[in-house]
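> Listed here are the chains, written in short residue letters.
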Amino acid sequence: MALTAEKSLKNPYLSQKAEILEIFQETEIEYTFRLESDFELNFGQFLEVSIPGYGEAPISVSNFTDQWLELTIRKVGKLTDKIHDLETGDFLYLRGPYGNGFDFENYRGKNLIIAAGGTGLAPVRSLIEYANNNLDQLSDFEVLAGFKDAGSLLFERDIKRWRQNFDVLLTVDKTCDIWGECVGLITEHIAELHLEDISNTEVIVVGPPPMMKYSIIEFQKLGVPDNQIWVSYERKMHCGLGKCGHCKIEDNYVCIDGPVYNYADVKEIRD
Amino acid sequence: MGFNFSKNEFNQLLESLDQEYQIYAPVRKKNKDSFSANDLITYDLVKSLEEMELTAKSKYSAKEIVFPIRETLFHFVEGEQFMASDTENKYIIFLRPCDRNAFKRLDKIFLENGPEEDIYYKRLREKVKFFVIECTAGFDSCFCVSMDSNTVESRDYSAFLRFEEDGVSCEVNDQDLAAEFEAQAEEIDFEPEFIRKNKIEVNLPDRDKLTNEVFEHQLWTEYSQRCIACGRCNTSCPTCSCFTVKDVLYDENKKSGERFRRWAGCHIDGFTEMAGGHNFREEYGDRMRYKTMHKIYDFGERFDFDMCVGCGRCDDVCPEYISFSKCINKLSTIIEEGV
Chain A
1 MALTAEKSLK NPYLSQKAEI LEIFQETEIE YTFRLESDFE LNFGQFLEVS
51 IPGYGEAPIS VSNFTDQWLE LTIRKVGKLT DKIHDLETGD FLYLRGPYGN
101 GFDFENYRGK NLIIAAGGTG LAPVRSLIEY ANNNLDQLSD FEVLAGFKDA
151 GSLLFERDIK RWRQNFDVLL TVDKTCDIWG ECVGLITEHI AELHLEDISN
201 TEVIVVGPPP MMKYSIIEFQ KLGVPDNQIW VSYERKMHCG LGKCGHCKIE
251 DNYVCIDGPV YNYADVKEIR D
Chain B
272 MGFNFSKNEF NQLLESLDQE YQIYAPVRKK NKDSFSANDL ITYDLVKSLE
322 EMELTAKSKY SAKEIVFPIR ETLFHFVEGE QFMASDTENK YIIFLRPCDR
372 NAFKRLDKIF LENGPEEDIY YKRLREKVKF FVIECTAGFD SCFCVSMDSN
422 TVESRDYSAF LRFEEDGVSC EVNDQDLAAE FEAQAEEIDF EPEFIRKNKI
472 EVNLPDRDKL TNEVFEHQLW TEYSQRCIAC GRCNTSCPTC SCFTVKDVLY
522 DENKKSGERF RRWAGCHIDG FTEMAGGHNF REEYGDRMRY KTMHKIYDFG
572 ERFDFDMCVG CGRCDDVCPE YISFSKCINK LSTIIEEGV
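The listed protein sequences derive, respectively, from chains A and B. So that you can map any letter, position 206 of the first sequence is 206 in the numbering used here, and since no number is skipped, the others follow by simple counting. So that you can map any letter, position 19 of the second sequence is 290 in the numbering used here, and since no number is skipped, the others follow by simple counting.
Isolated chain A (complex conformation):
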């Protein structure tokens, strides 16, 4: 077989090797991998992550600095099973970053509320970290994080740290609770929010499709206009390049036009 190394040719499908610097266990099936990185990243962007031979998958960057980035990966299939066998010093293969991400300018000086369901916390974690370090750039900041049960709680160490600086409301769908705190669907807790200055409020909703749908309805009931609601859509962003077609919703390619949208722009679109 003739192998020709044509790496000088611009090929967006080739990925680059990144060393695993640290691994953090989040839950029984979710681990956060910290990798060396020189990617220029924006909050809420994603990478195509692979191990050659085992496939490739879109994974949100769950935090980053100039030196490293983190990927929070659930063990759900052939590739992610293999990733979970890796150890510090091993390599993952990355290409990207893809997608638009969250533009902080849309939230600067505002009351920002982030409602995240389950792994939906991963794509907003870097934004939350930025807000945590720059609270003076927001008028007010609050995070509502909903989880299925105590066993699926993510970023426990971060949440405890964030709570020293701003409100983080934790909710649990099922009977078992987290740290003796409130139980129930995130939507019930949205309904109880007291929004004082709605015109100066921006809301971000990220999570599984049903959670997003009903959370948005609750925010609308509170009087938040659609153009002050922001969503990040998870679809099968298979190539990340606007070619393969798997993530398309109407005329939107989520991988290039999204995954972050102003809700007013996408409230009518149908898969």
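A portion of the hints provided could be inaccurate.
Derived DSSO-like pairs (lysine-lysine); straight-line CA-CA distance at most 27 angstroms [stated by the list, open to error]:
| no. | chain 1 | residue 1 | chain 2 | residue 2 |
| --- | --- | --- | --- | --- |
| 1 | B | 278 | A | 10 |
| 2 | A | 78 | B | 517 |
| 3 | B | 379 | A | 10 |
| 4 | B | 318 | B | 300 |
| 5 | B | 361 | A | 10 |
| 6 | A | 75 | B | 525 |
| 7 | B | 400 | B | 379 |
| 8 | B | 468 | B | 601 |
| 9 | A | 82 | B | 400 |
| 10 | B | 318 | A | 10 |
| 11 | A | 10 | B | 375 |
| 12 | A | 78 | B | 525 |
| 13 | A | 82 | B | 525 |
| 14 | B | 601 | A | 10 |
| 15 | B | 468 | A | 213 |
| 16 | B | 398 | B | 375 |
| 17 | A | 10 | B | 393 |
| 18 | B | 525 | A | 17 |
| 19 | A | 75 | A | 17 |
| 20 | B | 375 | B | 278 |
| 21 | B | 517 | A | 82 |
| 22 | B | 318 | A | 78 |
| 23 | A | 10 | B | 526 |
| 24 | A | 267 | B | 480 |
| 25 | A | 17 | B | 393 |
| 26 | A | 10 | A | 75 |
| 27 | A | 17 | B | 601 |
| 28 | B | 300 | A | 75 |
| 29 | A | 174 | A | 148 |
| 30 | A | 17 | B | 278 |
| 31 | A | 75 | B | 526 |
What the hints contain is simulated information worked out from the structure, not anything from laboratory work.
Let chain A serve as the given structure and place chain B on it in line with the hints.
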């Protein structure tokens, strides 16, 4: 420049072009279709006029020459990646105006959509010259005139050919080829002709009248009962461009393998499935709705023409006799008359 060839002269031209190009044209393969005693009309390499099937529509388009059904992206050995080597071949493709226009749609997705060009499509596409087959009668399921893809501008082909009883007349506007044509034939005046009316006409619905109710309409539920999600409409479509990427490890050495892509289709199970198993269009009727909207609305929102070229192949291959042109017309009626 126009030329007139006898059949013999045209074969000499093909022989001369064959030195430099792989020549693809529709051919008839006796008894080779899916069902016994049916001929398969498909694309294959040809060296003479007699091998070409110019009176029937090919089951599949010429898409697979530039966007192969399965294409290796790169090989890997342990972690090192090696881009799949490029072919040295150059291609001439004989195709009808609808199919030439289908490549304009593929060009949009692979070369213009998103931040980067698709290098694999580009490097094959650059090696292709199009020889357009004049088509003035069409076939039973065609509706290219309604889709505005019945004509081709002269800058979009190297040659435009009229096949007649006793020979071939044509127009050439490719400097690379002019000399070869001149050497074989006498010069004439040539004006391409195009089909101006199909047996089937479709009314494209008015974009502005599309409402949410249309997405929920019973029309789509009916397709849920008929469509079997086989994806033949996707694979036969000259404009379907979706693909799935897969990895294989070689049995002999599990540390090496390749990443390849293969055609995917929005009617086929798993198209929208995410890690964890969530699908966005379980109902087959929703897939029909999605495809329909893509072909006559969504693509056109991003670019300046609709994706469907009205070749009618999806109608020809559907085992459930679902007709795309009828679907468009039903949709139009529903939108015009109000849901």
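> Which numbered hints does this structure break?
1, 9, 10, 14, 15, 20, 22, 26, 27, 28 and 30
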